[in-house]
Amino acid sequence: MAVETSDTAPPPSGLDVTSILKDAGITALIAFALTIPLFGFRLVSLGTGQGIGLEQRWGLVAISVASVFLGRIALTVWQEKRRTMPREAASHGWSIKRYARPLLAGGAYALAGLAFCWPWLPFVDRWLLDMAILVLTYVMLGWGLNIVVGLAGLLDLGYVAFYAVGAYSYALLALNFDLTFWQCLPLAGAFAAFFGIVLGFPVLRLRGDYLAIVTLGFGEIIRIILLNWYEVTKGPDGLSGIPRPSFFGLPFKRNPPDGVTSFHQFFGLEYSSIQRIIFLYYVILLLALITNFFTLRIRKLPVGRAWEALREDEIACRSLGINARNTKLTAFSIGAMFAGFGGSFFATRQGFISPESFTFIESAIILAIVVLGGMGSQFGIVLAAVFLIGMTEFFRELEHFRMLAFGAGMVAIMVWRPRGLLAHRDPTIRLNGPPGDEIKGSSP
Amino acid sequence: MTDQSWEIPSGAAALLTVEHLTMRFGGLVAVDDVSFAAGTGEITAIIGPNGAGKTTVFNCLTGFYSPSVGRLLLRRDDRNFLLERMEGYRIAQKAGVARTFQNIRLFPQMSVLENLLVAQHNVLMRASGMTVLGLLGFASYRRAERAAVEKARYWLDQVGLTALADIDAGNLPYGAQRKLEIARAMCTGPALLCLDEPAAGLNPTESLELNELLLFIRNEHKIGILLIEHDMSVVMGISDHIIVLDYGRKISDGTPEHVRNDPTVIRAYLGEDEDEELPPEVMADLAINGEGDAPAT
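Chains A and B are the protein sequences, given in the same order.
Here our numbering is used: the first residue of the first sequence is 1, the next is one more, and so on.
Here our numbering is used: the first residue of the second sequence is 1001, the next is one more, and so on.
Calculated from the structure, these hints are not laboratory results.
Ideal placement from N, C-alpha and C gives every residue a C-beta, glycine not left out.
Hints are not guaranteed to be accurate.
Said to hold, decoys possible - When the alpha-carbon atoms are kept at most 20 angstroms apart in a straight line, the in silico EDC-like pairs for lysine to aspartate or glutamate are as follows:
no.	chain 1	residue 1	chain 2	residue 2
1	A	LYS300	B	GLU1150
2	A	LYS300	B	ASP1168
3	B	LYS1094	B	GLU1084
4	B	LYS1094	A	GLU314
What the hints assert, rightly or not - From chain A, some residues computed to sit far from chain B (all C-beta separations above 12 angstroms):
no.	residue
5	PHE69
6	LEU70
7	TYR109
8	LEU128
Modelling step: build the complete structure from the supplied sequences, incorporating the hints.
Below is the structure:
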């Protein structure tokens, strides 16, 4: 599992000091070139009437270059150590593997339990609850995209387009036709799925990179339409006043209009804005769990297996009589449908949407969650979403440097788990009883 | 010059009739006016030197290429299918032509059993009510899946991979992967099984096992087998009917006995006599192009 680095591979035993130093030197040089514009200069005001001047911060540059240099040496040495001790690493991996399955299952249930109790835990405040909602939204989107990317192997860089379709479907339907959230939810899903099919038909004959580019373009098209179709979407102004969801017809309002009982009146509670947040939390939890159960189930059905088979080898699929186009279309539209659900939820939670929320970076983040989680792994996606979104939010005080934390998180996962956090795949059906007592296959 | 008859030496009923099949890639004629027939319950081998167009014939039959000229007629249960007009996946689905590939194409990250279930996709898809009934957990789907697993188990037993059913197909040894690909093709319930060099890379023991497997499929399941093979011990040992291609043309067609003694075949494989003069146009070609090998098919 040694990570391939770009440097020249030194001989297996012993550390090649010159090459390590050379490598670290090059890295430091790159860091130097990068840090000069990043840290090196700063615009400062010279006081009133004297305009602005440049402050030079060479000390900061020196510190960052030095830390990159030393860090690179440490990383190389550590990797070298790992590579020269393959036996130990292998046996170590084996012992982990042995307990991985029960551990993972236990972890998944524990996490689900934690998710259920989350709003009631003593330390959870409004901020943590909001963050949990955000993370769960990404988990759901990740699970939805996982159907397209992880199972069917179709690299979709425009997933956020379907998210936008769902959000705008709900907002427009609710604002113009007075439909409730629960009425709009299936409609929004259906619209998004329809868009998935519309996009899918012409482009699914493309593969790999080409498909990625076309979906990327599609994502931008949707965003630009939303931006420019002012009569319907209000363009860059966005849609505001989107109705909030109600609890089986009971709104979450302090002073409901006449003749309407609000949630806190019905249950005889003191009004608190947190009630709505908790409700929203459970809505997204439910939506996410539905996505999860749907995926887990459909993986064991012929269409789910056909998706995975398509990912593995499309030509072999054709030779077995599988209609590749239709199968891909189902994956695309079902993935889009879940994005549509997620989008409706986003719209109702924010109460305001604008094309700003549906930029390419969202697609990239969702894709990063799927890839870093380990393609196809449901639990891995949860971990990746918690890690990436949680980390970015956690470092919010660092302002724009928080994206550095995001990047560092990605790099860390790619260095330690190049195939994703949980890349293990269990067969969907077994012939010879439960795992563990199967005969280990000899590698060719 | 070329023998254009399409008769089956044993007189068996024709399952597949190929008439005047021609496949051109730009100026290159990979298959040139080839006609033959393959009988049901028989093993028909297509042999020939490298680049003779054998795999191209297969790709035309299984819908990966659409032939430039020719008719490919498959008779199954008294229904006729014109393969050259069908979409690739329908040839496998409706006409029942299954194939294996020269370079193995399994689903490496799926388990052995899953590979065999994917092969039964169309049956299972119908049973799962296009997924809806399956999602709701209908008993009829569960029954169908159990039947599919039993079918898979039957073929796993035949190729001796039952104990390895739950490991990833990509982790199987090479010989086992070859067998699994045949089992997977058989799980589609084909009328015609097209095997593209199934013995390539097998050791002599595995090669023998392959012979037995193919004979078993022929004798027990009474389907037609079309076989591309270089390993003459396989070809001569089990074929009922052999077709020889060279430079895209059919140069011989008949029983193994007939083909073995056919001077044109011997010449194609072993070359002309040294002192025999090349025709003038060939000499001219050689002078211009240096060499004009057809791409490996």
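The hints, checked one at a time:
1. For a cut-off of 20 angstroms, the pair hint linking LYS300 (chain A) to GLU1150 (chain B) stands: about 17 angstroms separates their Cα positions.
2. This hinted pair checks out: LYS300 (chain A) and ASP1168 (chain B) have alpha carbons roughly 16 angstroms apart, not beyond 20 angstroms.
3. A C-alpha spacing of about 13 angstroms is found between LYS1094 (chain B) and GLU1084 (chain B), which places the hinted pair at or below 20 angstroms, so the restraint holds.
4. With a C-alpha separation of about 19 angstroms, the suggested pair LYS1094 (chain B) and GLU314 (chain A) falls inside the 20 angstroms cut-off, and the hint holds.
5. Every CB of chain B lies more than 12 angstroms from the CB of PHE69 (chain A), the least distance being 40 angstroms, so the non-interface label holds.
6. Consistency note on LEU70 (chain A): stated as away from chain B, and its beta-carbon is indeed over 12 angstroms from all of that chain's, at 40 angstroms minimum.
7. For TYR109 (chain A), the non-interface assignment is confirmed: its Cβ lies about 22 angstroms from the closest Cβ of chain B, beyond the 12 angstroms cut-off.
8. At roughly 35 angstroms from the closest C-beta of chain B, the C-beta of LEU128 (chain A) stays outside 12 angstroms, upholding its exclusion from the interface.
Hint compliance for this structure: every hint is met.
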